[in-house]
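For the record, the sequence lines run as chains A and B. 1 is the number of the first residue of the first sequence in our numbering; add one for each residue after it. 1 is the number of the first residue of the second sequence in our numbering; add one for each residue after it.
No lab work stands behind these hints, which were simulated from the structure alone. Keep in mind that the hints are not guaranteed to be accurate.
If the Cβ cut is set under 8 angstroms, some of the chain B residues that face chain A in the computed set are [claimed, not checked]: (1) ILE58; (2) LEU60; (3) MET75; (4) PHE93; (5) VAL96.
Label pairs and their computed distance ranges (CB to CB) [to be verified]: (6) ASP190/A / ALA65/B: 18 to 28 angstroms; (7) GLY13/A / LEU54/B: 47 to 57 angstroms; (8) LYS78/B / TRP126/A: 34 to 44 angstroms.
Glycine included, C-beta positions come from ideal geometry on N, C-alpha and C.
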Amino acid sequence: MATTATTPRMWNGGRSPFNVEYGKLMMWYFLMSDAFTFGAFLISYGTTRFATNGWPNPNKVFDKAPFIGGGFPLVYVSFMTFVLIISSVTMVLAVHEGHKMNRKGVVKYLILTIIGGLIFLGSQAWEWTHLYMEGAWWGRNPFPNYDGTISTTNFTNFFFTITGFHGFHVFSGVVINVIMLIMTLKGTFDKRGHYLMVEKAGLYWHFVDLVWVFVFTCFYLV
Amino acid sequence: MEHTLESLAEEHHVGGGRKEIYRVTIILSVLTGLELGLGFAMMYMPYESLERHLFKGIILILMVAKAFYIVGYFMHLKHEIRNLVMTVVVPLFLFVWFIIAFLSDGNSFRNNKNTWDRDHKERSQQQMPVKEEENTHKME
């Protein structure tokens, strides 16, 4: 081991080629594969939409919000979008506090992130319940196309499948964040000397936000 | 082992910082606001019109910009080593083919069906009976 001063031409172990910890690298690869899963979902949705004459108007279907009733397109979903973006910001701040080894800061921002996630999940539950009461579900579509013609159930099938899959990711993210919070409170990361675990949970949480950016645009806007 | 992990945790002080976080937050909020503004403006345009498609295109570009800021700054990818960035980003270019191939396939499927399957075209022009429930079933 005396000749380590000369740098080897080929990578031969002993140090991280990417300068990140193993678990974080694997989180990146997992997220990449998950991106392909969501990409496949959204592209099949797009393909079906391109192959169909007419499509329900999202501004008519999703125009309800709690307390204010119907006739307000985009209002509720913008609220949900901002909640998720802000919870992503608080997660970055939690990771940031972790770098500074500030346990109190990490706890504070993790709690805020969890609250954001729960608000989002609650909003989604409200929206699903409402659509269900209107008669929409897998295999049932009460909404006509924008020109009043008969629509297909593809609309509701894709909506519930993809937002459901995303919602399940949010749910897992909240559970992971709660586990991070408990571990932080117990001082596990202080004992380890680093908060890399919170960083990895953060990557997952940002990815959930990222997927919502696409789902939100593809289902509610265009 | 412990030492390596700690030094890896140290490395990541490069870039980031509260200032950058707030800057990206503002950028993301502005982009979302723009998207929503375009979405509201789109409601007053006729369906399948050129300007509506143009607005949809702009919204999709803004969507990719948002994705860039989330992955680059929040997920910190911009401050990682180039090799890591490449192993994550390069495979995603598959999506370029993926999107073009599948969407054009869907489009040509619809065109073929409308051209050759008269029955299908007629059926898709039928008006959907409006349910009475829709009027009575208002949210509280």
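Hints breached by this structure: Going through the list in order, the structure violates hints 1, 4, 5 and 6 and respects the others.
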